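Chain by chain, the residues:
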Amino acid sequence: MAKLNMVQAINLALDQEMARDSRVIMMGEDIGVNGGVFRATDGLFAKYGEERVIDSPLAEAGIVGSALGMAIAGLIPVVEIQFAGFSYIAFGQLESNVSRYRWRTQGLYTAPMVVRMPYGAGVHAIEHHSESREAYFAHTPGLKVVTPSTPRNARALLVSAIRDPDPVIFLEPTKSYRAFKEEVPEEEESYPIGKAEIVQEGSDLTLVSFGAMMRVALKAVEELQKQRKIGIELIDLLTISPLDIDTLCTSVKKTGRLVIVQEAPGSFSVASEIIALINDKALMSLKAPIKRVTGYDMVIPYFFREEMYLPHPEQVVRAIEETLSY
Amino acid sequence: MPLEVIGTFNVSRLQVLDHNGELDQEFDPKLSSDKLLKLYYYMLLNRRTDERMVKLQRQGRLGTFGASTGQEATICAATLAMGERDWFVPSYRESFGAVMRGMQLSKIFLYWSGHEEGNYTPEAPRTLPIQVIVGSQALHAVGIAYAIKYRREKESAVVTFFGDGATSQGDIHEAMNFASVWKVPVVFICQNNQWAISQPRSRQTNAKTIAQRAYAYDMPGIQVDGNDALAVYKVTKEALERAYQGQGPSFIEAENYRLTMHTTADDPTKYRKNEEVDFWWQREPLKRFRAFLESKALWSEAQQVKLEEQLNQEIETAVRDFESQKNFKVDAPFEHIFGTTHSVIESQRAEFLAEQLKRQQQEQEQERR
Ligand SMILES: Cc1ncc(C[n+]2csc(CCOP(=O)(O)OP(=O)(O)O)c2C)c(N)n1
Ligand SMILES: [Mg+2]
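So the sequence lines, in the order shown, correspond to chains S and Z. For the first sequence, the numbering used here gives the first residue as 38, with consecutive numbering after it. For the second sequence, the numbering used here gives the first residue as 250, with consecutive numbering after it.
Hints are computed from structural coordinates only; laboratory data are not their basis. All figures in this text were calculated on a predicted structure; none of them were measured in a lab. One or more of the hints may lead you astray.
[Unchecked claim] Below 20 Å or equal to it, Euclidean Cα-Cα: the simulated SDA-like pairs (lysine to any residue) are:
#	chain 1	residue 1	chain 2	residue 2
1	S	Lys263	Z	Gly256
2	Z	Lys607	S	Val70
3	Z	Lys607	S	Lys84
4	Z	Lys287	Z	Ile379
5	Z	Lys578	S	Glu343
6	Z	Lys578	S	Phe341
7	S	Lys256	Z	Gln615
8	Z	Lys575	S	Phe341
9	Z	Lys607	S	Glu351
10	Z	Lys575	S	Gly239
11	Z	Lys519	S	Val70
12	Z	Lys519	S	Glu344
13	Z	Lys578	S	Ala83
14	Z	Lys575	S	Gly86
15	Z	Lys607	S	Pro94
16	S	Lys263	Z	Lys287
17	Z	Lys607	S	Lys324
18	Z	Lys519	S	Ser227
19	S	Lys256	Z	Glu604
20	Z	Lys607	S	Ala356
21	Z	Lys519	S	Phe341
22	Z	Lys519	S	Gly86
23	Z	Lys519	S	Tyr85
24	S	Lys84	Z	Glu604
25	Z	Lys522	S	Val70
26	Z	Lys607	S	Phe82
27	S	Lys324	S	His349
28	Z	Lys578	S	Met345
29	Z	Lys457	S	Pro94
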């Protein structure tokens with residue numbers, strides 16, 4: 038096993054899937070010769086050639102729209118949008134075509150493709166490089182939305198995304214790209230899409246998060262457990278859509294308390310959806326109102342103020358304490 | 250009906266100053282000495298500020314930043330051709346055009362150090378802020394041009410800038426098409442600096458020139474040596490005159506070169522050869538312009554030394570001005586979400602401020618311990 042950061046782990050998954058299946062084609066801006074602005078595709082152009090690792094013209098709608106054509110014709114395109122903030126140009130294709138080709142043709146033509154994109158705040162970037170807009174994609178029926186949080190699960194989930202029969206929006210938390218390393222096995226490993234991970238078991242409170250915020254949630258848990266003995270069940274969503282309702286409900290039925298941490302604005306968000314689902318399926322088990330720690334309903338401020346506007350471990354600790362002492 | 254040719258096009262390229270600073274009299278826009286000196290001043294300010302900013306970035310005093318080194322002639326000469334009543338609609342490489350139109354230099358530093366305040370520039374009217382989404386500004390330019398036409402404004406048009414990479418975006422096609430159908434007063438300036446991050450111009454379009462695209466929209470199009478300030482000035486001025494006279498849009502491909510990295514986060518040695526960069530350094534815009542000024546006896550080594558000293562001081566003053574600004578309101582972002590107040594936003598603002606207070610208290614406690 039090698040210790041890899043998330044970018045290297047993603048690179049490993051891409052490399053192995055390309056080696057395994059000649060239908061896998063990559064496309065994006067600066068992904069070939071340059072190996073991607075984050076180096077996620079480093080070395081693949083040299084190894085697989087320009088026919089399979091395509092430096093496309095600078096046009097996101099073009100990338101996603103033509104990828105759909107490739108998918109319809111039997112290839113498996115894995116495209117990179119340089120930053121999620123540029124994906125909205127391609128949103129028309131995602132909403133109007135990619136997400137519904139299977140439905141439109143009654144399963145005759147499908148869209149097995151992956152749209153990878155770095156997303157999220159905390160890397161001191163300029164405008165459009167920091168938002169978390171997973172809700173847009175998750176709100177689109179027919180798109181699967183996956184957000185890894187560590188090198189190992191990024192690799193395992195990406196493998197599943199590439200082999201999935203449907204379009205997967207693969208949101209890579211930029212902040213976690215090089216933040217830490219983890220053992221990632223060389224041999225094949227995958228993790229099912231649609232399944233959350235119970236990172237740590239506990240019986241007092243359920244804490245749910247995903248993406249870069251998993252680190253914030255983990256810090257909060259460590260902090261609290263230093264102070265006192267407390268059983269927190271920490272759940273990493275990993276797949277945002279379709280949500281793993283079973284894991285969430287089982288946990289909340291056990292603990293009776295729930296705190297959700299996300300970077301995106303709170304309104305109309307993943308956290309809102311989880312609350313609605315718990316309301317439907319586990320309301321009577323609740324011992325306290327559900328709390329969410331989220332971003333504000335605004336554009337992420339430029340980086341001078343960015344940190345102030347992101348959820349902080351101490352903020353999560355306070356939310357947990359308030360929920361426990363309700 | 251027999252097969253017949255129903256349309257042909259040709260593409261012209263203009264150069265007035267060659268790369269030694271030799272002037273072609275026939276096309277000389279005959280700028281006054283004042284204007285020539287003003288142009289040189291801003292081109293050099295652009296160059297020196299970019300150099301300073303790269304250093305500031307390396308010292309951690311600015312964030313990631315993209316210089317416009319090598320593109321000063323296109324930026325500054327096109328802006329010089331514009332009038333106060335014209336609108337300036339840039340991408341992220343033309344900030345010095347905004348400076349020429351009155352924007353404080355320190356706003357550039359504010360922007361690249363992560364402050365929205367850098368975009369608040371009432372001192373430079375009709376000058377839009379940096380646009381990061383490649384190509385999207387061209388459509389805004391067309392809308393502004395429509396408003397100008399609608400209001401029957403005199404001597405008013407829009408100049409918008411974008412890169413060679415941007416020409417691949419649907420937005421650029423749509424903007425040119427709308428402008429042509431509506432016949433609105435807009436000048437499209439494509440700064441073809443040969444690269445879009447790691448991608449050479451040839452990966453964006455298979456056409457021989459970008460300028461020829463104008464033909465498809467039935468608008469005047471020309472390629473110009475973008476390292477030649479006089480040529481850029483001349484073609485921009487002519488395009489603006491046509492726009493003022495109700496003749497609609499024009500397209501200019503200004504061929505220059507991105508002499509340094511895409512941004513400070515980029516390493517161009519990964520994708521381009523030093524020989525190519527050296528070739529273009531021979532053609533860079535300042536050297537030839539200075540040679541031209543000297544040939545007209547408008548410039549000397551002594552003046553150069555004096556100007557360098559002056560620019561150095563101006564830049565230092567702007568840096569100091571920027572770094573001494575302290576009282577940034579932390580909750581300012583809540584003020585600019587909507588133009589009307591809403592309880593959802595206001596309650597979030599209250600939560601935010603309470604949260605900041607708690608974080609501060611916690612920090613102070615930790616310090617005491
Ligand atoms: C819609 C969109 N896609 C991708 C990017 C990332 N990006 C920023 S600049 C750039 C290259 C632009 O090249 P060009 O248009 O030639 O302008 P230049 O940077 O050379 O001035 C890319 C891909 C972006 N900012 N916006
Ligand atoms: Mg370019």
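Results of checking the hints against the structure:
{"no.": "1", "hint": "S/Lys263 with Z/Gly256", "in the structure": "violated, 79 Å"}
{"no.": "2", "hint": "Z/Lys607 with S/Val70", "in the structure": "violated, 48 Å"}
{"no.": "3", "hint": "Z/Lys607 with S/Lys84", "in the structure": "violated, 52 Å"}
{"no.": "4", "hint": "Z/Lys287 with Z/Ile379", "in the structure": "violated, 23 Å"}
{"no.": "5", "hint": "Z/Lys578 with S/Glu343", "in the structure": "holds, 13 Å"}
{"no.": "6", "hint": "Z/Lys578 with S/Phe341", "in the structure": "holds, 11 Å"}
{"no.": "7", "hint": "S/Lys256 with Z/Gln615", "in the structure": "holds, 16 Å"}
{"no.": "8", "hint": "Z/Lys575 with S/Phe341", "in the structure": "holds, 12 Å"}
{"no.": "9", "hint": "Z/Lys607 with S/Glu351", "in the structure": "holds, 9 Å"}
{"no.": "10", "hint": "Z/Lys575 with S/Gly239", "in the structure": "violated, 46 Å"}
{"no.": "11", "hint": "Z/Lys519 with S/Val70", "in the structure": "holds, 8 Å"}
{"no.": "12", "hint": "Z/Lys519 with S/Glu344", "in the structure": "violated, 32 Å"}
{"no.": "13", "hint": "Z/Lys578 with S/Ala83", "in the structure": "violated, 50 Å"}
{"no.": "14", "hint": "Z/Lys575 with S/Gly86", "in the structure": "violated, 52 Å"}
{"no.": "15", "hint": "Z/Lys607 with S/Pro94", "in the structure": "violated, 48 Å"}
{"no.": "16", "hint": "S/Lys263 with Z/Lys287", "in the structure": "violated, 65 Å"}
{"no.": "17", "hint": "Z/Lys607 with S/Lys324", "in the structure": "violated, 26 Å"}
{"no.": "18", "hint": "Z/Lys519 with S/Ser227", "in the structure": "violated, 32 Å"}
{"no.": "19", "hint": "S/Lys256 with Z/Glu604", "in the structure": "holds, 18 Å"}
{"no.": "20", "hint": "Z/Lys607 with S/Ala356", "in the structure": "holds, 13 Å"}
{"no.": "21", "hint": "Z/Lys519 with S/Phe341", "in the structure": "violated, 31 Å"}
{"no.": "22", "hint": "Z/Lys519 with S/Gly86", "in the structure": "holds, 17 Å"}
{"no.": "23", "hint": "Z/Lys519 with S/Tyr85", "in the structure": "holds, 18 Å"}
{"no.": "24", "hint": "S/Lys84 with Z/Glu604", "in the structure": "violated, 50 Å"}
{"no.": "25", "hint": "Z/Lys522 with S/Val70", "in the structure": "holds, 13 Å"}
{"no.": "26", "hint": "Z/Lys607 with S/Phe82", "in the structure": "violated, 50 Å"}
{"no.": "27", "hint": "S/Lys324 with S/His349", "in the structure": "violated, 25 Å"}
{"no.": "28", "hint": "Z/Lys578 with S/Met345", "in the structure": "holds, 12 Å"}
{"no.": "29", "hint": "Z/Lys457 with S/Pro94", "in the structure": "holds, 16 Å"}
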